[in-house]
Amino acid sequence: MTFVSIRNLRKYYGPFEALKGIDLDVAKGEVVCVIGPSGSGKSTLIRCINRLEDFSDDSRISVDGIPVATGRALAKVRAEVGMVFQSFNLFPHLTVRENVMLAPRRVRSTSRADAARQADVLLDRVGIASQADKYPDHLSGGQQQRVAIARALAMEPQVMLFDEPTSALDPEMVGEVLDVMRDLARTGVTMIVVTHEMGFAAQVADRVIFMDGGQIVEQGPPAQVLSNPSEPRTRNFLSSVLNH
Amino acid sequence: MDIFDTFLNAEVMRRSFPMLLKGLWITLQLGISSIIAGLLLGLALAMARLYAVAPLRFLTRVYIDIFRSIPLLVLLIIVYYALPFLGIRLSPFMSAMSALTLVSGAYTAEIFRAGIEAIPKGQFEASAALGLNGRQTMADVILPQAVRVVIPPLTNNSINVIKDTALASVVAMPDLLKQATQAQALSANPTPLIGAALIYLAFLWPLVALVSRMERRFAARRR
Ligand SMILES: Nc1ncnc2c1ncn2[C@@H]1O[C@H](COP(=O)(O)OP(=O)(O)O)[C@@H](O)[C@H]1O
Ligand SMILES: [Mg+2]
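Here the protein sequences line up with chains A and B, keeping their order.
Just so we're aligned, residue 264 is where the first sequence starts under this note's numbering, counting upward by one.
Just so we're aligned, residue 111 is where the second sequence starts under this note's numbering, counting upward by one.
Pulled out of the complex, with its shape left as it was, chain B reads as follows (with noise of 0.2 Å):
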């Protein structure tokens, strides 16, 4: 039997083509609300860890070392299967978004925090002298800043929570994963996994090789 036939066979390719298409919707949904809710999270954690009372400033730092070190996997069949037992009952989606969120969150914080803290003390001690508050502070001069140093780790993170999308396939989400899966099924052939996974490269491909090429030219300035 051909190798072809096997993997990427037309037929099945092109059967299967509108499932996935499909899959790769939900996939896109769930990666970029995770992303987005993710960045607002580590940046609420990443104040909190600066510039918080003490005890705030411990528990953010226990938060952010909890969800770095706990496995996505874990964190989701937590979420999704023992929550309700609290009578929280998520939505796959709900339960997949919460569990990549909580996480992304906890790194998106401290790539915040190496940002901010890569500022020079001169910037904070000039606003500070024209009698900008923190906020202000934060918004005009840090931030704006920061933001460059932390593209590129951000972009690296944002690939990777739509990589752990995946897993969402566990809980039962329609994602990218989830219908290659079924539709592999369906039709007795591989293909429509091997097609899932050429639609993973194609989306995440590029994203890798733009950070690669940003980390170039951040170094390259540095001098």
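Next comes chain A alone, as it looks inside the complex (with noise of 0.2 Å):
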């Protein structure tokens, strides 16, 4: 059953073309890698998703049947959107917990000891039950990256959107993170995950999807798009990764 459906997705910034007709279906439950070269289009691609960047009016995209467009409907569809990002983006004047328990207090009006309650339980399935009172300068890059998952999974998504959650950790930590992610992938949550870490696409991914030039150039099971290529752009690409 396809629960994330995009439609001939145009965006452009300027005069460039950032991203040129993209169709993708992605089903329910279903964990989509998405691997490119820099400036391909990933990360514009998951954007859209969610509509934080706009996109053409011809371009369709809808979540579990609802249009991602602008105005009421859009807040509906981001509350079953979870996202997260590179650079954390947690919120550096509330701790840990209040992280995770803002937005359901305030988008679904949880009271302040639910929203306490639900954020120790996520906070305890990352693994930085310890950390809850603490701001999130003073965590680690891994623990801060699975304190935004978890508020993330707070709003209990149906979809996750990662856009290289593991790229601005420093070595040692990315393994923390890919665990978490690893674990939800089996609770079956519908992810999109934008990743340079082909280990991770190979063994959790559905399905992989090579992206260059604002365009889906190659897709399939991973053992088919990272092992056998068809495609000499995506061979080059995986080449150029894995002699890095």
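Everything labelled a hint here was simulated from the structure, so no lab data went into it.
So the derived label-pair ranges between C-beta atoms look like this:
hint, chain 1, residue 1, chain 2, residue 2, range
1, A, K339, B, F168, 29 to 35 Å
2, A, D400, B, A295, 56 to 62 Å
3, A, P434, B, K231, 25 to 31 Å
4, B, P316, A, R371, 41 to 47 Å
5, A, S490, B, A154, 58 to 64 Å
6, B, R258, A, G334, 32 to 38 Å
7, A, S372, B, F168, 33 to 39 Å
8, A, D387, B, F168, 47 to 53 Å
9, A, D387, B, A154, 40 to 46 Å
10, B, V318, A, A338, 42 to 48 Å
Calculated lysine to aspartate or glutamate pairs in the EDC-like style (CA-CA distance at most 20 Å, straight line):
hint, chain 1, residue 1, chain 2, residue 2
11, B, K132, B, D274
12, B, K231, A, E427
13, B, K231, A, D400
14, A, K339, A, E316
15, A, K339, B, E235
16, B, K231, A, E316
Some residues of chain A that are not near chain B, with every Cβ distance over 12 Å (derived):
hint, residue
17, Y276
18, D321
19, Q466
20, E481
21, R498
22, N506
C-beta: ideal position from N, C-alpha, C; glycine also.
Combine both chains into one complex, guided by the hints.
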């Protein structure tokens, strides 16, 4: 069953066409990894799904059947779509627990006590229950990213978008974040993950998408796209990444 | 004649002190109400300046530029002496407060705008991605962070407003300066003026020192 549907997605920055008519369907519970060289439009693609980026009028995106339009419906889509950023974007003036509590409190009008209980469950799940009263600045990068995941999960999203969640991390912290994402994939949440972690893609993805120049060049099961790509551009990209 | 008898005459000071205190009370009332009204106006203007529809945004910019350009004394005299020709007759207090608020609001708007623009884009994006609306994003995420940045310049602006209340003496407000000049006329001695100056200093010097300290602290924290 299609959960996220993208039709003819075009995105212009001025005259520059960053996305050249993307078509993509993601099924409920599917884990899709998006790979590709820098500047190929990966971030732009997933940022269009919750309309952090505007897109042209003839493009169609829907999430769970709800069109990603401007206005009231957009709030509904955003509440169903969680997002994790490369640079964490935690709220520095709030404690870790308050970071996780904020959206349920404001958007869902959850009571303070319930939101706090839920936050503690989520923080426990991502392995940072003991840091709940600290401020984000006092946490390591890996811990901050795990808080960001918990914060997104607090809205009980149907889809989680990840934009290079481990690219800003010191190498020794990458594993702890990928572990949390791996656990999450097992719970049946639909995930769209932009990543350079080929090991993670190979192991966790149901489907790998290779993008270049604002287009989807190749897609398929990880065993096919990562080990036996049919497109020369994919092969070039993979060899440049693997020889890194 | 002794310089102390002229400028710091204890007897004159003692006699005029109650008048000066009355003036101080009015100065503080005028200053504080103008500061608060200016903050509210400034916040509203900053929001319009940043997020309103294009024509309103443009008008807000024009307002801000006009009221940062016009000399306060000119504005005050227009409000008090010119508006009555349009049938708008404000008391001296309301005239002074309006003029101070209109100008303070323009400066405050720019301070808030700079504070909001200093917040990284990622904070807005994270808020939007969580489903917070514009008002919630401002109230819960952006303004609490911006406040830290804007407190030193806002305090500075408040100092200016209190200093500028002295201009209200030209529209017959019995503020600190007016009381001092009247006491001076009564006693034929400038001591009350010196007294008024000392009272202004006693209130504003600590605030000036506080701003310097905050600015140093913020600069240090930014690394
Ligand atoms: N705000 C922007 N203004 C102009 N060009 C942009 C902007 N954001 C991205 N781009 C351009 O769009 C293209 C795709 O960017 P992006 O989606 O960030 O690529 P990726 O995430 O794959 O590295 C790049 O060529 C980039 O320079
Ligand atoms: Mg990117």
